[in-house]
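The listed protein sequences derive, respectively, from chains Z and E. Per the UniProt record's numbering: the first sequence = residues 1 to 667. Per the UniProt record's numbering: the second sequence = residues 1 to 432.
Simulated from the structure, these hints should not be mistaken for laboratory data. None of these values were measured; they are calculated from a predicted model. Where is the CB? At the ideal position from N, CA and C, for every residue including glycine. Accuracy of the hints is not assured; some may be wrong.
Unchecked claim - Sample of chain E residues lacking proximity to chain Z, with all beta carbon distances greater than 10 Å (derived):
| id | residue |
| --- | --- |
| 1 | 36 |
| 2 | 105 |
| 3 | 142 |
| 4 | 145 |
| 5 | 173 |
| 6 | 208 |
| 7 | 223 |
| 8 | 281 |
| 9 | 301 |
| 10 | 307 |
| 11 | 340 |
| 12 | 363 |
| 13 | 380 |
| 14 | 395 |
| 15 | 422 |
As the list claims (entries may be wrong) - Within a straight-line C-alpha distance of at most 25 Å, the following computed BS3-like cross-link-like pairs (lysine-lysine) qualify:
| id | chain 1 | residue 1 | chain 2 | residue 2 |
| --- | --- | --- | --- | --- |
| 16 | E | 114 | Z | 45 |
| 17 | E | 12 | E | 80 |
| 18 | Z | 267 | E | 12 |
| 19 | Z | 45 | E | 12 |
Said to hold, decoys possible - Facing chain Z, from chain E, some residues (calculated, C-beta under 10 Å):
| id | residue |
| --- | --- |
| 20 | 93 |
| 21 | 95 |
| 22 | 108 |
| 23 | 154 |
| 24 | 164 |
| 25 | 242 |
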Amino acid sequence: MAGAAAPGTGLGAAGGDGDDSLYPIAVLIDELRNEDVQLRLNSIKKLSTIALALGVERTRTELLPFLTDTIYDEDEVLLALAEQLGNFTGLVGGPDFAHCLLPPLESLATVEETVVRDRAVESLRQISQEHTPVALEVHFVPLVKRLASGDWFTSRTSACGLFSVCYPRASNAVKEEIRQHFRSLCSDDTPMVRRAAASKLGEFAKVLELDSVKSEIVPLFTNLASDEQDSVRLLAVEACVSIAQLLSQDDLEALVMPTLRQAAEDKSWRVRYMVADKFSELQKAVGPKITLNDLIPAFQNLLKDCEAEVRAAAAHKVKELCENLPIEGRETIIMNQILPYIKELVSDMNQHVKSALASVIMGLSTILGKENTIEHLLPLFLAQLKDECPEVRLNIISNLDCVNEVIGIRQLSQSLLPAIVELAKDAKWRVRLAIIEYMPLLAGQLGVEFFDEKLNSLCMAWLVDHVYAIREAATNNLMKLVQKFGTEWAQNTIVPKVLVMADDPNYLHRMTTLFCINALSEACGQEITTKQMLPIVLKMAGDQVANVRFNVAKSLQKIGPILDTNALQGEVRPVLQKLGQDEDMDVKYFAQEAISVMAQRLRKLDLPVKDSEELSAPRADKNHFLSPTVPGDNTRKGPAYQLHVNTRDKLAQLELAERVHFPQSRD
Amino acid sequence: MNHPDESTCGDKADIISTVEFNHTGELLATGDKGGRVVIFQREQESKNQVHRRGEYNVYSTFQSHEPEFDYLKSLEIEEKINKIRWLPQQNAAYFLLSTNDKTVKLWKVSERDKRPEGYNLKDEEGRLRDPATITTLRVPVLRPMDLMVEATPRRVFANAHTYHINSISVNSDYETYMSADDLRINLWNFEITNQSFNIVDIKPANMEELTEVITAAEFHPHHCNTFVYSSSKGTIRLCDMRASALCDRHTKFFEEPEDPSNRSFFSEIISSISDVKFSHSGRYIMTRDYLTVKVWDLNMENRPIETYQVHDYLRSKLCSLYENDCIFDKFECVWNGSDSVIMTGSYNNFFRMFDRNTKRDVTLEASRENSKPRAILKPRKVCVGGKRRKDEISVDSLDFSKKILHTAWHPSENIIAVAATNNLYIFQDKVN
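Please work from the sequences and hints to get the whole structure.
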């Protein structure tokens, strides 16, 4: 803490007769109003330290009044302050004095910034629990009333979140007043306040007596659900979930369902969207009987809504809806009442709708079982796998495992494999990437023969993909395949092909050989590494492209532990020493690093090492060529730049590593 | 009418580009070509100074936008404030949106009248104390100080417009607003700056097929789902956001059939709508084209219910107005608080008012030469052909460089603000 103390003051804390322990606190207090936001924030976060030093008395009489008026600050400072005050009861003298915290939080509850206000309300709710019932009525309830009848709508919106915490512990007379205040906020002039009331309606209903729920909350709910502003109506849908849980089936049918039915057919798509979005919660809240009678027909309508956003939201809920249906009769309901609508959606006009469906449709196979899946769902999966929109295809592929469990990989491979092979050559690299990630899974279940026949050539083709992310993934994929199929398979099918690329005219492909060796050496073991891979790596040390050379150094460092000491001493070391004298500073750097790592290992084995060979360079990130750098990550001591462009290498190409994403939905 | 306020400066950056009263009329904001926003506050009423009733004084001045350069498109982005819109007041501070061609900003204008006093490590004069002498802790105390008005940028809504923003409008739900450029309209949430929803897009797949652009857009004052936008073809579309997320298809389409007898080379240019405004009641919309102001009933799409000639005498001069580019001037129009009078600008520092009930109209002039503080404005007349009477001004001697494009009307009282190039005039009803 003292480390942060006013750098540049030129004064030490030690010495003199002053109280040493006060100095850091004095700094913290002064920095409460420092010009620098970061220092203010730092001080606010240590507010408890300040309060502890001041003692409860001075905290109440001096610190809190000061903080009450500090509402001009930046949002992040106010946010931290609101958060701190929620845990401050002990520091102002315990529950008897909890009310002292109300004034600063009250002023924070009126600022315009929603996050700050919400945090202040959250802290007020925390503190309310620490009030005695008497203090609650003397201090807390008046605060809630003040906020509820405030001039500005920020204070009234904050009030909405406080009713439910003081209601259960209030006396009957006060309860009546609280309900009255809540009622008036539900019909406030400004939509902001009505929205806040609507969003807290469910929470408030839960703490009310059942009679009041029926006599007061339900009418409020009905009103809000027919508000002229659709932004208010849509929040009533959420309240519906909580209210429905409190009522009996009969009351539900009579009091809530008419409103819910109306919401599902609201003129505004945003309200219908909300119904679709909250469908699972609604389904659980109203129970199986009403679900079958009311919600299923409503859901069918949402699935064929005229607005794509609504259809997409409903499509997202298909699986959850089906899962939550009562097991008895579930299959029939899905087959007869849901599936026909899903079939329509597969060929929807809008790609978001199709994509939403694709992300959940595979989950239906576990619910419907093998035969239905093969007969009814597979054609849909196939159609989606061939969809023109890559996201749809991607969503299907990412969920292959659920289908795999149900119908088995053989069936899956016959029906879906051709489509997958096609996607492996897709023009969009993200699609290819997703396919690669599924290869080990597919390979493991299809077996070596099948794999060699159908998929092996794909895996090798990815190694020379023009996108780095694909090549990288292909390399890792090879490693996983070797783990599955064993070293013999690797030696016969993979390694020769990888090593051939070492002579490729494109330096990127030559480097891929090195990356593959890095990934495969461990899985392949000492023999293959020493006999087949090492000679190639060593040969590449004479490459004309510096990038290749320093990756040779990195590779040697990487495969060093697998090699025996003879190979290290006799073959690796001379090459590294030569690279250590390279004209390129990066090559030099990585070679020296590799030497030092190797030297450590040799020393452990009690082999003689010349001290001069050992450098103090820390072990660098193993594979950080072109790997994304984390901003602010300076732990690496490597060179600042790494991309060498060799003008003679005509095949060098720039890659788009990340699609640029713009906030606008259309362009 | 009286004439109390004005400010003058010869600089181009001082040319006022927008004027807007807040919802109570207590504040008046202006934006200028130099990217500045100036806020005027109405002087508190006092019993013994009745004549000073409508005086507005500078409350806060701040630089809202700076000139920028778009390196990707090699385009300069002007700092000029195209529009200002006030938000409904939510706490003691005031909030407004200001926009230039590309970026909308949300500003908070707030007062501060206290400041903290007392340090532990410094004494009253700011000299450092020896830490050895610190034996007690001091908590700062807030003391009153002179009122300070601060403007702080709260949100920056950028990177959503490829073309120039011509309008911004706050929704009656208090949580969203829209921004319109030549081809698209975006919907924003006040809390979210990194995402907006495109609700209208009239950009054709092939830009050579482009036949019209969006010229202005506004939300309905009460119905949060309804908005209108006007086009360069003289039409207005009303959209309902409840119907679908994308409002490319309109709900209503307001268009007046063209009078074939008036058809000329300039017909299309002068029918372009430069401003569209809902009446306070929400029942009517008013549009301004080059020569007229029209009032439309929301329930009648095939023709306006009222058409007012702003300066019909220019019809014979369209050729020279085309040559000096004046024909592309974008005049705005405003309603008075009760929707009974409308006001819009013209050339030669003239502005026009039309009383919708009595059908009387008046031409007034905002100029320093012709009006002294608290003097009553004299109606002006432009003579059309024939003999010029005394007090009349001939069409040929109108000064087309002095144009009144931006005006504002107090939401409830007869106080108007008129921007005449770099002068702001505030007029009000004669006191008793």
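Hint check results:
Every CB of chain Z lies more than 10 Å from the CB of residue 36 of chain E, the least distance being 23 Å, so the non-interface label holds. Remark: the non-interface label on residue 105 of chain E is consistent with the geometry, its nearest Cβ contact in chain Z lying 15 Å away (cut-off 10 Å). The Cβ of residue 142 of chain E does not lie farther than 10 Å from every Cβ of chain Z; its closest approach is about 5 Å, which violates its non-interface assignment. A cut-off of 10 Å between C-beta atoms confirms that residue 145 of chain E is not in contact with chain Z; the least separation is 12 Å.
A cut-off of 10 Å between C-beta atoms contradicts the statement that residue 173 of chain E is not in contact with chain Z; the least separation is 5 Å. The beta carbon of residue 208 of chain E is kept farther than 10 Å from every beta carbon of chain Z, the shortest such distance being approximately 19 Å. Listed as a non-interface residue, residue 223 of chain E fails to keep its Cβ farther than 10 Å from every Cβ of chain Z; the least gap is roughly 7 Å. Here residue 281 of chain E stays apart from chain Z, with its beta-carbon at least about 15 Å from theirs, past the 10 Å limit.
Every CB of chain Z is more than 10 Å from the CB of residue 301 of chain E (nearest about 20 Å), matching its label as outside the interface. No beta-carbon of chain Z is positioned within 10 Å of the beta-carbon of residue 307 of chain E; the least distance is around 32 Å. No beta-carbon of chain Z comes within 10 Å of the beta-carbon of residue 340 of chain E; the shortest separation is about 25 Å. A cut-off of 10 Å between C-beta atoms confirms that residue 363 of chain E is not in contact with chain Z; the least separation is 40 Å.
For residue 380 of chain E, the non-interface assignment is confirmed: its Cβ lies about 43 Å from the closest Cβ of chain Z, beyond the 10 Å cut-off. Its beta-carbon lying about 47 Å from the closest one in chain Z, residue 395 of chain E satisfies the requirement of being farther than 10 Å from that chain. With a cut of 10 Å on Cβ distances, residue 422 of chain E stays outside the contact zone with chain Z, its closest approach being about 33 Å. The suggested pairing of residue 114 of chain E with residue 45 of chain Z holds, with an alpha-carbon distance near 23 Å, which does not exceed 25 Å.
For the given pair, residue 12 of chain E sits about 11 Å from residue 80 of chain E by alpha-carbon distance, which is consistent with the 25 Å threshold. Between residue 267 of chain Z and residue 12 of chain E the alpha-carbon distance is near 50 Å, which puts this suggested pair outside the 25 Å criterion. Taking the CA atoms of residue 45 of chain Z and residue 12 of chain E, the gap is near 49 Å; set against the 25 Å cutoff, the hint is violated. Restraint check, residue 93 of chain E versus chain Z: the minimum CB separation of about 7 Å is within 10 Å; hint holds.
Taking 10 Å as the C-beta contact cut-off toward chain Z, the hint placing residue 95 of chain E at the interface holds, the least distance being around 7 Å. Annotation: residue 108 of chain E was flagged as interfacial toward chain Z, and the flag holds, the nearest CB pair being 7 Å apart, inside 10 Å. Because the beta carbon of residue 154 of chain E sits about 8 Å from the nearest beta carbon in chain Z, less than 10 Å, this interface hint is met. For residue 164 of chain E, the interface hint is violated, since its Cβ never comes within 10 Å of a Cβ in chain Z; the closest pair sits about 16 Å apart.
Given the 10 Å rule on beta carbons, the hint for residue 242 of chain E holds: about 4 Å separates it from the nearest Cβ of chain Z.
Hint compliance for this structure: hints 3, 5, 7, 18, 19 and 24 are broken, all remaining hints hold.
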